[in-house]
Every structure is written in structure tokens, then in C-alpha cells.
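For the sequence shown, the residue numbers in mature numbering (1 follows the signal peptide of the UniProt record, and there is no 0) are -24 to -1, 1 to 126.
Since the hints were made in silico from the structure, they are not lab data. A hint or two may mislead.
Stated by the list, open to error - Derived lysine to aspartate or glutamate pairs resembling EDC-like cross-links, with alpha carbons at most 20 Å apart:
#1 K29 to D102
#2 K29 to E86
#3 K29 to D104
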Amino acid sequence: MKKLLVIAALGSLVAGCAVTPNSASVYNTRQAQGEQTVRMGVVESIRNVTIDKGSTGVGTLGGAALGGIAAGSNIGGGNGALAAGIVGALAGGVLGNQAEAHLNNRPGLEITVRLDNGELRAITQDADEPFRIGERVRLLSNGRTTRVTH
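All chains should be built: construct the whole structure from the sequences, respecting the hints.
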């Protein structure tokens, strides 16, 4: 039974840390087959950034649950098991929070584009496509999101 709880908690932890991509190559179901405005321009600058999804608390809670269960059920008995469970929960919470932060941070690019009409636009997206300064690119916009593509 305890193993089942540990597995369930670990599964919740992993699911909660899933990252939604900001890639120019990934479309969700609502975006597929939707019309987008296309504007042409030239890349003026590129800056490496980190895209942070933010903390949901799932990593901390999941880590605390796993740490508390693992330490409390495997060390001593009575007050010793209680103390071990508390220490395990604290350590698990810290490690779970760090794991979530690591999973939710990913490399991105801030791409500044000078449009053909002279306006400047800066778009931040996942760093999954290489761009070069001076390169001709397309900006695809649907009213909520804008992507830079080749």
C-alpha cells in the first residue's frame, strides 16, 4: 500500500511539472487550422533568455509527501519515525521545489525584428530554431500569440 502511495505521489509530481512549449513549431489544437496574420521583417537582434513557467507548488508538495512517507516508514518507530518523517518531508519539499524549478525553466530567445513597414517587434519563444541577425523572417500572429519563423 505504501509503495502505491509513493508511486501515485511521484506520478502527480511529474505530471504537475509538465511544460507548455513556446515553440514556433508547436501548435495546440485550438491553434491548428486557425488563420494567422503574416508580416515580413529582418532580424535586428537576438538575446538568449530563460523562459520560466513559474512554480505551481506541485514539486514542493509532491517532494514533501514522498520524503515524509519514505523516511517515516523506513526509519525507527514511534517518535523516531515521526521525527524522521518530518525531516524527510522537509528535505523532500526542498528537493521537489528545486526539481520543479529545473523542469519549468528552459532556454529561449528574445528576437527583435524590424518589420517591412519600419516598426520594431520583440518576440520571446523557445530556442528550438536557429536565427541570424540580418535574416529575413516571418512573424505569424493570431491576436494572442506571435511566432518568428523562417
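Structure-based check of all given hints:
no.	hint	result
1	K29 to D102	12 Å, holds
2	K29 to E86	16 Å, holds
3	K29 to D104	17 Å, holds
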